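Required output: the full structure, derived from the provided sequences and hints.
Read top to bottom, the protein sequences are chains A and B.
Mind the numbering: the first sequence is residues 1 to 321 in the UniProt record's numbering, read in order.
Mind the numbering: the second sequence is residues 1 to 321 in the UniProt record's numbering, read in order.
For the record, the hints were derived by calculation from the structure and aren't laboratory data.
Keep in mind that this is a model prediction, so the values were computed, not measured.
Ideal Cβ positions, reconstructed from N, Cα and C, are used throughout, including at glycine.
Treat the hints with care, since some could be wrong.
So the derived list for chain B, only partly shown, Cβ under 10 Å to chain A, looks like this [unchecked claim]:
#, residue
1, Thr49
2, Glu88
3, Leu91
4, Asp117
5, Leu231
6, Thr290
7, His293
There are 2 protein chains.
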Amino acid sequence: MTFDKITMDHGSGGKLTLELIENIFKANAGLDSAILGDIAFTTDSHSITPLFFRGGDIGKLSVSGTMNDLLCVGAKPMYLSSAFIMEEGFLISDLKKIVQSMLSEAKSANVEIVCGDTKVIESNKGFYVNTSAIGKIIRPIDGSKIKEGDKIIATGNIGEHGFAILNERENLQLTSHLASDCAELTGLILPIIESDLEIHWMRDPTRGGLAMCLNELCYKRDFGVEVFEELVPISQEVLSISEMLGIEPYYSANEGKMVIVVPPKDASKILDLLHKHPLGKNASLIGEITKDHPQKVLLNLSYGTKRLLSMPIVEKMPRIC
Amino acid sequence: MTFDKITMDHGSGGKLTLELIENIFKANAGLDSAILGDIAFTTDSHSITPLFFRGGDIGKLSVSGTMNDLLCVGAKPMYLSSAFIMEEGFLISDLKKIVQSMLSEAKSANVEIVCGDTKVIESNKGFYVNTSAIGKIIRPIDGSKIKEGDKIIATGNIGEHGFAILNERENLQLTSHLASDCAELTGLILPIIESDLEIHWMRDPTRGGLAMCLNELCYKRDFGVEVFEELVPISQEVLSISEMLGIEPYYSANEGKMVIVVPPKDASKILDLLHKHPLGKNASLIGEITKDHPQKVLLNLSYGTKRLLSMPIVEKMPRIC
Numbered sequence: 001m002t003f004d005k006i007t008m009d010h011g012s013g014g015k016l017t018l019e020l021i022e023n024i025f026k027a028n029a030g031l032d033s034a035i036l037g038d039i040a041f042t043t044d045s046h047s048i049t050p051l052f053f054r055g056g057d058i059g060k061l062s063v064s065g066t067m068n069d070l071l072c073v074g075a076k077p078m079y080l081s082s083a084f085i086m087e088e089g090f091l092i093s094d095l096k097k098i099v100q101s102m103l104s105e106a107k108s109a110n111v112e113i114v115c116g117d118t119k120v121i122e123s124n125k126g127f128y129v130n131t132s133a134i135g136k137i138i139r140p141i142d143g144s145k146i147k148e149g150d151k152i153i154a155t156g157n158i159g160e161h162g163f164a165i166l167n168e169r170e171n172l173q174l175t176s177h178l179a180s181d182c183a184e185l186t187g188l189i190l191p192i193i194e195s196d197l198e199i200h201w202m203r204d205p206t207r208g209g210l211a212m213c214l215n216e217l218c219y220k221r222d223f224g225v226e227v228f229e230e231l232v233p234i235s236q237e238v239l240s241i242s243e244m245l246g247i248e249p250y251y252s253a254n255e256g257k258m259v260i261v262v263p264p265k266d267a268s269k270i271l272d273l274l275h276k277h278p279l280g281k282n283a284s285l286i287g288e289i290t291k292d293h294p295q296k297v298l299l300n301l302s303y304g305t306k307r308l309l310s311m312p313i314v315e316k317m318p319r320i321c
Numbered sequence: 001m002t003f004d005k006i007t008m009d010h011g012s013g014g015k016l017t018l019e020l021i022e023n024i025f026k027a028n029a030g031l032d033s034a035i036l037g038d039i040a041f042t043t044d045s046h047s048i049t050p051l052f053f054r055g056g057d058i059g060k061l062s063v064s065g066t067m068n069d070l071l072c073v074g075a076k077p078m079y080l081s082s083a084f085i086m087e088e089g090f091l092i093s094d095l096k097k098i099v100q101s102m103l104s105e106a107k108s109a110n111v112e113i114v115c116g117d118t119k120v121i122e123s124n125k126g127f128y129v130n131t132s133a134i135g136k137i138i139r140p141i142d143g144s145k146i147k148e149g150d151k152i153i154a155t156g157n158i159g160e161h162g163f164a165i166l167n168e169r170e171n172l173q174l175t176s177h178l179a180s181d182c183a184e185l186t187g188l189i190l191p192i193i194e195s196d197l198e199i200h201w202m203r204d205p206t207r208g209g210l211a212m213c214l215n216e217l218c219y220k221r222d223f224g225v226e227v228f229e230e231l232v233p234i235s236q237e238v239l240s241i242s243e244m245l246g247i248e249p250y251y252s253a254n255e256g257k258m259v260i261v262v263p264p265k266d267a268s269k270i271l272d273l274l275h276k277h278p279l280g281k282n283a284s285l286i287g288e289i290t291k292d293h294p295q296k297v298l299l300n301l302s303y304g305t306k307r308l309l310s311m312p313i314v315e316k317m318p319r320i321c
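Right, dumping it as structure tokens:
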């Protein structure tokens, strides 16, 4: 598809975002962080509506997203920057809450906010946060070692962030309990990176959800992904809202989960490690790498058939991060 | 002053910006980049209107500002990130122009754009770029060695960016030739950092102009600054628009200049080096460090009197970067 104007779908994190990055920025969207010798470098801008939501706010979200991007490439988070673009009239009490969330999440990741920037824009133009971060590479994880038969682990229940935001933003009042899973995962993931267990690939399934994440895993590669519906951990709350809205949980964003590809020999050890941490208690082996259908993600349904879990091109949930 | 809402003046780069950073972010606004062992780290968000202007665009501006911030602390620019927040309906042809400017400016600084992010927001909410960057510290320049009698150098004509933007944005049509000085200064400044000449402090005089920069130089320090009107390089174009608008050129932003504090013994050698580069041909010794009036910047006027060049609290030129 060609466009002459930016559409909401260019920001959905799906196929159009990928193509925009490849075509305009001539960049490889393959890794969440750049691996630069012994350091990792990553950046994220955040434009979520509403700014405050059940389970977090734009401050918590921005720090956790950026920390998780560093972890994805096998890095230990070290330093964080924060840059604010604020509309005139923005409440300083709200700014303080957001900054407090950022400091608290940074503390959890054991990183320091070392530099920042503030700009003010006209009223009603919005509030945006950019966080960039530097990590120390413990071992580079770049997807080059992925093999047929490798196991795919999800560290917990999927789909919570996207549906929680949609529920609040659109005042759907479909559920009163659903909260974003927004969390930085250093405590859960760093011990695995620092262990001697093999990790072949890691990605936080944010925009576009688990479906986008698994499609990125095999994007332009010589293998595909097999995933099993009955093994994917999903809460009852998410299943309900998913059915009511007619949007599959696979396409709903997560902000506190990781998808990990590991060799079969280490899969159960890694699951054991994950289960020991509160954020990994629902970790589950959800599928595997196959050479049978390169570049395709197939979902094995409970009743024995398979269907394509396609890369989302457009999505119904923009501005969820 | 206390506020309960963000005002345009919080983003002017003047005293209110400084206080916001100190009060809310509990951070030291003293350095443009963080010095982290042998690396420097910096971040900038950009919200300029108009996006395209004589002398540059938001792409060139964002890269040059970030590169210059690294140079300020004695670092060689190495890696750059770019994160875009784009309103729905933004022209892809404009995006391409902006990205091209960024690539071209990055090439000039000999750095690579290694990671990025894109988000889409509702139409009419604006277009924003964040650039963050990592540099390699050649020698840390942190202001700790500033002494009485140190000389202050400006690397070229001041005030051009601020007035150029104001002229275009407000359709003042006061001048047809004035262009932003927007430029990354690696070629000009890195040879000095890599030389054995002493540098005690360096800062690019952006928001709030030369006046803010010199006030930051002596902010909460035990020395003040003496600057000489007749030595400050200002073009005829800037003088004219300055008189017409009643805004002093000292308060107008620069985006391709550096203010450098050096010991007297090295001042003329550094000026010689600067003069050899096209971007430094108007470099001039403009003043010195004094213990006579700590924390104050005094401007020596051509006709023999002195007056305070105060820290701008509010300013008439928001959103110029």
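Less than 10 Å between beta-carbons is the criterion; does leucine 91(B) satisfy it with respect to chain A? For leucine 91(B), the interface hint holds, since the closest Cβ of chain A sits about 6 Å away, which is under 10 Å.
Can we keep the aspartate 117(B) interface hint, with Cβ of chain A closer than 10 Å? holds (5 Å)
Measuring from the C-beta of leucine 231(B) to each C-beta in chain A, is the shortest one below 10 Å? violated (31 Å)
If you take the shortest Cβ to Cβ gap from histidine 293(B) to chain A, is it below 10 Å? violated (30 Å)
Residue hint threonine 49(B), partner chain A, criterion CB-CB below 10 Å: holds (9 Å)
Verify the interface restraint on threonine 290(B): the C-beta must sit less than 10 Å from at least one C-beta of chain A. With a closest approach of 30 Å, the threonine 290(B) hint is violated.
Given glutamate 88(B) as an interface hint, is the shortest Cβ-Cβ distance to chain A below 10 Å? holds (5 Å)
Taken one by one, the earlier hints fail for this structure at numbers 5, 6, 7, listed in ascending order.
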